[in-house]
Structure formats: structure tokens, C-alpha cells
Amino acid sequence: MTWPTEIRLPKDRRALAVSFDTGEQFLLPAEYLRVKSPSAEVQGHSPHERKTVPGKRYVEILEVQPVGNYAVRLTFDDMHSTGIYSWDYLHELGRNQQRYWQEYLDELAARGMSREPPARQS
Amino acid sequence: MPAAKAAVLERLSAVKSPDGTPLPATGTLSDIVVSDGKVFFSISVDAALVQRWEGVRKAAEDAVRGLPGVTSAMVALTAERAAGRGPAAAAPATRGRAGAQTRSAQAPEGVNAIIAVASGKGGVGKSTTAVNLALGLSGIGLKVGMLDADIYGPSVPKLLAIRGRPQVIEGTRLRPMTGYGLEVMSIGFLVEEETPMIWRGPMVMSALTQMLREVEWGALDVMVVDMPPGTGDAQLTMAQQVPLAGAIIVSTPQDLALIDARRGIAMFRRVNVPVLGIVENMSYFLCPHCGGRSDVFGHGGARREAQRLEVPFLGEVPLDLAIRETSDAGRPLVVSEPNGPQAAVYRDIAKNVWTELGKTRGSDRAAPRIVIEA
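Line by line, the protein sequences give chains A and B.
Reading the first sequence from the start, the letters are residues 1 to 122 in this note's numbering.
Reading the second sequence from the start, the letters are residues 1001 to 1374 in this note's numbering.
Please keep in mind that the hints were generated in silico from the structure rather than gathered at the bench.
All values derive from a computational prediction rather than experimental measurement.
From the three backbone atoms N, C-alpha and C, an ideal C-beta is built for every residue, glycine too.
Don't take every hint at face value.
To be verified - In silico BS3-like pairs for lysine-lysine, Cα to Cα no more than 30 Å straight-line:
hint	chain 1	residue 1	chain 2	residue 2
1	B	Lys1058	A	Lys11
2	B	Lys1016	B	Lys1143
3	B	Lys1058	B	Lys1121
4	B	Lys1351	B	Lys1121
5	A	Lys11	B	Lys1038
6	B	Lys1038	B	Lys1058
Stated by the list, open to error - Computed Cβ-Cβ distance ranges for the label pairs, DEER-style:
hint	chain 1	residue 1	chain 2	residue 2	range
7	B	Gly1292	A	Glu92	53 to 63 Å
8	B	Glu1310	A	Gln98	27 to 37 Å
9	B	Arg1269	A	Ala110	19 to 29 Å
10	A	Glu41	B	Asn1339	57 to 67 Å
11	B	Met1203	A	Glu107	48 to 58 Å
12	A	Glu107	B	Ala1014	52 to 62 Å
13	B	Pro1202	A	Lys51	42 to 52 Å
Based on the sequences and whatever the hints tell you, model everything.
Right, here's the structure in full:
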């Protein structure tokens, strides 16, 4: 099983840099992590319950907390904090980043959604 | 004497901010609320500096806790966004969480390895096995602690014949009880035997966390955790709160129990806790009258299951009147009849566990470094 050696949250909080013991390194944008959150809030309890999450272009990661010896819990600045990212899942997100990201963009387009956050009403 | 605000402030002058300024002079303190011996306040800092301030928060909390008349102190670290970075929406209050990033998933200080004794279903003799295993580990010269995580049905106090309540030290911390050389903590010490534990998820988690972290565990080679049966909140909490060094599954040999044992193993595998092996309990019955042997639950089922799932088989414990009697009397066999055949069985299991633990520890993969750039 692949195992991360370092999980780094850069100063701008806009991505997570994950290095694996395989030598692979992935820079996972906060937006990508947020919309692909493994949380039931996003994934539902079966594939057809899965939600497409729009409007997270500028989301930031606030916290990275270890969970046991298998995962980290990420807290985003939209207060989403129920996603527990296992080592396997982080690796999967890294390896399939291009494909998953394109699928997400396609989904947004198909649903008429946007990466931009909704305009603030003042 | 109630702790007055002035006394709290005076205490806090001894706490230094990351750049060395006494805390009350930094302008980060909120109003200090003193109520009934409890002290609350928050420290507000720029979001980017939260990491550096976590130590200050902790120091402030400790300092206030040391005041006479203070029963508890709660200091929150509040992150403020630097001006000009958009609306001041959602300033996240991160009470102790920011700095806990490197701390929350660690074992209590001084505890070398934590192993969980679990079963898929109840009634398979998990607690009896856990207690005798702990004593077996102690018998091979290890310093052993025992945490009774079976909060709904705590049985460790009875199994070890420990009565009384744990002593409170430093206000909120508990000194573990001792029995037969083990350091022991159980919710059973804190509530009456007949009182039911009618608890929901979050309370379960908080009770477990407290027994783990707010108890003055000594330096332990190994802590044996008697888990509640099943695969629920308590199991997940333990797996998430601490890096469990391994799990042991206790099962009786019949299929009905083994199905649940399989679930237990699957759960531990999912959270990357190494399964150290399976113990077959009530493996067979030796008739004390005729000496004939009956495989009441179908002997050998657990061994086959262990092979199938590729986990070590740690040993088999016979269904034996002496085990039941000594358990009920709080005189576990490993110490009351150390030379008996049953004690030998448990000691062998303990040795196997220790060997397996050594193997997984050898190949143990350290948790990744988590670096938060400031």
C-alpha cells in the first residue's frame, strides 16, 4: 500500500502537497480536494446520491488533522470539515487528477453550474 | 475563594507570546469570564499565526488551571483574517485544534503501544481474554496498562476485583487504579454497577477520549484496550484518536461468531490498524468428570478463518469451568493459578501477540509529516 511521507499545506492554503513513499508528489488544489471530498455530504451513500459541488474556486484549507494512522481530516474555509481523506484516497486523487478534474468540469457544464462562488448579495 | 479576574491576569503575565511579550500586554485577550470556578477567555490572533500561538494558548490554559479556586479553564484560540482579505466572514474558532494537528492522533505520552482486543459479537469472552492477555504480557516482564473501552458493559473492574474510585490529581486528571500490577481505567470505576450507560455517539467519544487522555498513565510498554463488541462509534473513535499498534480479534469457533469476527477484521483493515491475529475462545470442552473432549462450538473454526483471511492465529482457549469461576471472582487464572494449563495458554497467546507486535512495529510506517507553512 502506498503511504504518504509528507503532507504540506503551503502558505497560501490553496493546495495540499502530498509526497508518497513511491516517490510520487502531487499538488492537489484546495478546490479539487473540496469538490471531491469523500464526505457523505458530497458522496452520499451510493453513487447516484453523489453531489456536484459548484462555486469553490477560491476555497482554502484551514486545517489538516491526522486521523488515526490512516487519514487526515481537512477543514476548508467554507466550514466543510467532514471529509476524511485516507492515504489511498489522496493517492487516487493524485494519480487521476487530470481525469477527475476534467470529469468535474464536464459535470459542471452539463448542469449549468460554475466554479465561481455565487455573487454576494449586499 | 473564587478566582478573580485580576488573579487570572496576574497569572497570565507569566505566559509569553511567541515574540516574548507578556500575554496581557499583547492585546489579543478577550474579556475574561470567571464563573463558579471555571475560567473562559479567548486569544484572537491573525489566522496566519495560529500555529505559532497554539503553544501560548496551552500555556495560558495550564497557568490558569494552576490557580487556587479554579476547577477548569478553557482558552480558545480565535483566528482573525488580516484586514483587507474580504469580509470578516467565518472567522474560525479553533479551540486547541490548530496545534492539535500534530498531537491529536498520538498515543498518550509514555504509552509505547496500544492494542485493541475486539470481537464482532458479544459473549465470546473478549474481556476475560483481554484481562488474561494483559496479565500474560505483564508476566513476560512488560509494563502493562488496561483501558476498559467497553463503556456500555464495563467488566474489567470485576474481572480484576478492583473497587473504589480513581483519585483525582491536578484538578481534572485521574490516577489509574492498579490491580495485579496493571494500571487500569474503566468507566466502571466512576458509575455504580447497576447504572445503565444510556449514551449516544458523541458522549461515547468524549468518554473514551477522556479515559485515554485525561488519565495519568505511567510509562507503559503496552496498553491493552478492551473494546466493546461490534463495529460502531467506540471502535471508530479508538481507531481515529490514537494510532492503534494492532488489534486482536476474539471469536468462538462457530460460524455465527466468525461472520462477525470477519466484520471486525475488515473494519480494522479499513482504518489501517494491523490485525495481530485471532484468538479462538471456548475452543473445546474437556469434561472434568470423564476427561472426554467435546467441541461444543466446532473446534478449529477460528484457525481456518485466520488462514483464510491471512492473519496470524494466536491460540485457542478451552471452555473451562476454572476460567469462568476465577473470572467471576476477580482472580484471573494467569495470576491465581499461574502454573495451571490455562495460564500457560494465555501466556503463549501473550507471547504470540508480543511477537506479532514486534513484526508490525518493525515494518511500521510512521505517520506522514504534516507541515503547515506559516
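Now the hints, each set against the structure:
Between B/Lys1058 and A/Lys11, the direct Cα distance comes to roughly 24 Å. Compliance with the 30 Å bound is thereby established for this hinted pair. Our distance criterion of 30 Å between C-alpha atoms is broken by B/Lys1016 and B/Lys1143, whose separation comes to about 38 Å. For the suggested pair B/Lys1058 and B/Lys1121, the alpha carbons sit about 41 Å apart, so the restraint of at most 30 Å is broken. Between the alpha carbons of B/Lys1351 and B/Lys1121 the distance comes to roughly 25 Å, so the proposed pair stays at or under 30 Å and holds.
Note on A/Lys11 and B/Lys1038: the hinted pairing is violated, with a Cα-Cα distance of about 36 Å set against a maximum of 30 Å. Between B/Lys1038 and B/Lys1058 the CA atoms are separated by roughly 16 Å; this keeps the pair inside 30 Å, and the hint holds. Hint check: B/Gly1292 to A/Glu92, Cβ distance near 56 Å, so the stated range 53 to 63 Å holds. A hinted range of 27 to 37 Å holds for the C-beta pair B/Glu1310 and A/Gln98, which are about 35 Å apart.
Range check, B/Arg1269 to A/Ala110: about 37 Å between beta-carbon atoms, so the 19 to 29 Å window is missed. Between A/Glu41 and B/Asn1339 the Cβ separation comes to about 58 Å, which falls inside the hinted range of 57 to 67 Å. Roughly 40 Å separates the CB atoms of B/Met1203 and A/Glu107, a value that falls outside the hinted 48 to 58 Å. Range check, A/Glu107 to B/Ala1014: Cβ separation about 56 Å, and the 52 to 62 Å hint holds.
Between B/Pro1202 and A/Lys51 the C-beta distance comes to about 25 Å, which lies outside the given range of 42 to 52 Å.
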